[in-house]
Structure formats: structure tokens, C-alpha cells
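Undergrad: Going down the list, the protein sequences come from chains A and B.
For the first sequence, the numbering used here gives the first residue as 1, with consecutive numbering after it.
For the second sequence, the numbering used here gives the first residue as 1001, with consecutive numbering after it.
These are calculated hints, taken from the structure and not from any lab test.
Errors might be hidden in some of the hints.
What follows is a list of derived Cβ distance ranges for each label pair [claimed, not checked]: (1) 67/A / 1255/B: 22 to 32 Å; (2) 93/A / 1196/B: 24 to 34 Å; (3) 1019/B / 53/A: 41 to 51 Å; (4) 1191/B / 168/A: 36 to 46 Å; (5) 1357/B / 77/A: 50 to 60 Å; (6) 94/A / 1323/B: 37 to 47 Å; (7) 1165/B / 126/A: 40 to 50 Å; (8) 1357/B / 136/A: 56 to 66 Å; (9) 126/A / 1191/B: 23 to 33 Å; (10) 136/A / 1255/B: 48 to 58 Å.
Glycine is no exception: its CB is placed at the ideal position from the N, C-alpha and C atoms.
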Amino acid sequence: MSAFAEVTERKGSRTRKRRVAMEPARAPRAVEPSVSPRERLPYLLDLYPLESPTQTRLAPFFDALREGRFVTTRCRKDGKVLWPPRIVCPACHSGELEWVDLPTTGRIYAFSALLAGAPIGQEAELPLVVGLVELDGSPLRLFGRFLGIDWRECRIGLPVAFEALTLPDGRAYFAFRVKP
Amino acid sequence: MSETREVAVVGGGLTKFGVRPLTWAELAQEAGEVLFRSVPALEASAVDSLFVGAAEPERFAFQSHVAPLVAEQMGLAPHRIVQRTELACASGQSAIRSAYAAIRAGLSDVAVAVGVEKMNLPSMAEANSAMACVLDRPWDAAHGLTAPPFFAMVAQRHMLEHGTTEDQLADVSEKNHRFANSNPTAQFFDKRFDHEKLLRLPMVAPPLRLGDCSSMTDGAGAVVLVAEELVKKYTDTPAWIRGTGQYADFHNLANMESLTDWTGLTRASREAFRTAGVGPKDLDLAELHDCFTISELIEYEAIGLCPKGQGGTFVADGRSDLGGDLVVNPRGGLLGCGHPLGATGIAQAVEVSQQFAHEVDAKRQVPDPEWAMVHNLSGSANVHSVMIYQRGG
Ligand SMILES: [Zn+2]
């Protein structure tokens, strides 16, 4: 993963190594906007994550999304692949995590659709098809929105592929495209 | 002070649940009115501690620091412990649990546990956002996860794995709505839902229809808990808290081991049974968290009322109804009463207390109940909170 470098971080008298994004993110690639076209909501009504390095230590996750890559963190001590990405391993409490690629394909394990009662900002997106995806060759089962399918056509077991999204305000997010 | 001082709920009351034309603070005032009317021996000056179960006053009323607000609204001046308890849908039970712990530890003698939630707003989209942020907001809710699609996926998997049917889901809703028809505080007290009607209601999140989902509800309630040596002053039929258990094991959906096997509830209820010294067969009634019909079915299984996968048959055969193995949700449940998050746990305790005192409508009175369980799940069933009560007197 060439986009990441190890840096030494000082905190008080302690130093530690951390992997960070090395290159500036490339320009967002054009993707079908699947999220609300409305302007950004106030932060405390905005469901999407704050992704800038001034707000989160997980900024490399969003930088990777902007490159069309799907990554998460893995603990260097016990090898645990963690979702969502983290900065401290919950199993051994080590802060030495590394970024690893996730499989970008999987199959639908369960699904439903929200037909009424959307949160603010998502009202125009109903019906909103969502579900759990078993990633190919990984024990992870991730929740996400499904693109390109009517909920009446959706089935358990259908293949899906990860897709990076660009939010209207330029932030990065992701969804799964169903391939019936 | 004994180290094993027993604690009882000695009474309480509820406001009307529903879509109410009043503010959060006004609900708290009504809770005070009904509390002092329901427990005539209660003097405000005797209340040394106050626990306020409120899930999201910041979201629903743009108000934090609600414990002193409630004290003021209810005319209380707690001088030992005063705090809010927040555990989303289990916030009310958390208030009772905290009051119980304080009295048992000798830090309080007379504590009031209150639950308040005002959920119907001029902008329901904002209220829906408040509900969405109970879940893992940036990693699950941003994708479109709210409670209905979550419990819909649970239902879908339970149908696939165990053959559960929409008819069996409707059986839960029909039973709980029928009980709510004899509970004047219930949101759907005067609304009839028969089986056929339930199956014709629109889908909210397939396979769940409107009648499978509890509502956004305004409501409040309060109960009094006292130490054993003070019980006689307040009531002849105390509801003794004999056991408790709680379990939290994940937050993001990726870390939920099984959608349909709620092991957290199995652990929490086992701990509650162990501390109470009873088992599932001893229960006469159970107030189980039926936020969605599928929840009640899986709860039967996880608690051990029936084998895994047979929740649907259990309700269809009437085993959780009057005349069955035990009565589940005689109050009307969250489905029939509505679900004002912080007030729900209080309402369940009030029902147990009134059932023990034979004070409820005969159409929902459990015959001579002695043991009762109260359960709340919160969030995506990632926390389970269980308490076991025994009738005294
Ligand atoms: Zn580790």
C-alpha cells in the first residue's frame, strides 16, 4: 500500500510509530451520486462522518475511498482485521494498527428497505435499500446501502461490489452495487 | 445497615401515552401529578434521590441537564443522588436499576425513578435522525440504518432459518394491541387491530408492516423505590426487585454475531434468574421489549420460554397469552402502548406493580401473579437489560 508511510509520533515523553497517508488524495472520480443532493446539514444533523485529519485519525480511510480503494485497519500484534476501522485494537489494546485492503465483492446476507420515516437529509432517497454483505474471503459482514436494485427484486445471495461515492460536498463515502 | 438490604417498587403512575400537545417539561409535571396521586403516602421531602430516564432530550427537546429540570417540574429537592440515566430504549429501566443499586448500597432510602420522552415534533425527519443516531451513526446510520430496516433483517433471517411467518408476527401484534385496549394510558387504547387488518397495513421495512412496529410516542411516568424497612408505610403489595442482569456486546452491526440468536439476552436473563433464584418456568408475567413483533418472538427463545426457533409457534399456540404458560406484555407492550423511550421502562414497572396489586382491568389481569420479568433491549439489540420482581404482602 504505497499511499501509506510510517511516521513517528511524539506524545509527551512517549514516541510511537503510526502509518499515515503519504500522498495527497487524488481528485475524486465521478460516481453516481446516491445520496441527498441537498446542501450539507448542520454537523449535529449530518449522519456522514467528518473525514478531515483535523477531525479524525481515520482520515486515511477516506483518502483511500477517494482513490477507489476499500480498506480497514488490522492489528499488527494479533492480526485481527477490525471493522469499523479503529486506532486502538479492542482485543489487545495496542495502538499499532495498519491499513489493509478489504475484498471489494461479496454476497447479500440479509436486506430490507426503508419505505417511510427517513432521517433528515435522506427523505428524497426513499425507498432506501440496505443490507448486510458477506465479503468474499473475509469473515466480515458489513452493513451498507444497495445501489442499482429495486427492493422487490432484491434477494439473499445476490452478488454485490463495493463502490466509492462522492458526497455533494466532496466528502467520500461508499455503498454496494447489486449485480443481479 | 444490612449489606443485603432489599428494595421494592411501592407504586407509581403514568401519563397518557400518545401524540400529546405538550412540551417535554410539561410531561415531567404530569408525571409528578400522577405519581403523588398514585402513591398518597409519598411526601416530596422524603425523596432523597432522583433518577431521570431520558434517551434524547438534547435531540427531541434541545435540552440537556434534565435531572434538575425534572426535580423542579415535579417539586422535588433530592439531597443524596440526582442524575439522568441514558441507555436509549432502556433509559427508564436504567433509572430504576440505578435507584435500586443506590438503595441496596445504603446511599438512598427513598428514590424516585422518572422516565420522560417527547418524540412527536413539528419535523418528524429530525425525530427520525434522533432515532438513527442511537445506532453507529457514521458507519451504519449514514448508510440508511434505522430501527425498522434492522429489525426487518432480523425478521427476514428468522423466517429463513426457522420458518417464522408474517401470520405469527401479526399474532404478537394482535395480542399486544388487544391488551392495550384495556389500558387507558396506552397510545392505541381505542384502536382495534385484528389479524386481517394487521396483514393489510402498509409495509414500513419489508417484511415488517406498520403493525409490526412500535410508534414514536410522547409519554412520562414515575415510580417510587424504597428500602425494605420503609415499605409498609407506602403499600401492602410491594414489588420486590429480586434479580437483575444486563449485557452489552457490540455496537456496529458488523460485530453482531447472529441476527437471530440474541446471546446477550440469554446471558442477561440467566444472570437475572440466578440472582433471583428462579427460572423461566416460575414467571407468571413478562414485560418484554416488543419494539417490533419479531423482537418478542426472539425474546421468548433467548430467555428460555421456548426452544430456539419456536417463538412463532409459542405465540400462535397462545402460550404467551392469558391461559398460557405465562402472560407476555399484558400492559399492551410497546406495540400497543407506544414507545416513549425513557418512559417505557417505567411503564413496565408500573404494570408489574399494578398487576401484583390486582389494580388493572380484568381483561388483562394475570391470575394471582407472583413472579414477573421486565426486559428492555436498546439500540440494535446490542444491550439487554433484565429485572425480576416478586410480589410481596
Ligand atoms: Zn490487537
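Undergrad: If a hint holds in the structure, say so; if it does not, say that too.
TA: Going through the hints against the structure:
{"no.": "1", "hint": "67/A / 1255/B: 22 to 32 Å", "result": "holds, 26 Å"}
{"no.": "2", "hint": "93/A / 1196/B: 24 to 34 Å", "result": "violated, 56 Å"}
{"no.": "3", "hint": "1019/B / 53/A: 41 to 51 Å", "result": "holds, 45 Å"}
{"no.": "4", "hint": "1191/B / 168/A: 36 to 46 Å", "result": "holds, 41 Å"}
{"no.": "5", "hint": "1357/B / 77/A: 50 to 60 Å", "result": "holds, 57 Å"}
{"no.": "6", "hint": "94/A / 1323/B: 37 to 47 Å", "result": "violated, 57 Å"}
{"no.": "7", "hint": "1165/B / 126/A: 40 to 50 Å", "result": "violated, 27 Å"}
{"no.": "8", "hint": "1357/B / 136/A: 56 to 66 Å", "result": "holds, 59 Å"}
{"no.": "9", "hint": "126/A / 1191/B: 23 to 33 Å", "result": "holds, 26 Å"}
{"no.": "10", "hint": "136/A / 1255/B: 48 to 58 Å", "result": "violated, 19 Å"}
Checked against the numbered hints listed earlier, the structure breaks hints 2, 6, 7 and 10; every other hint is satisfied.
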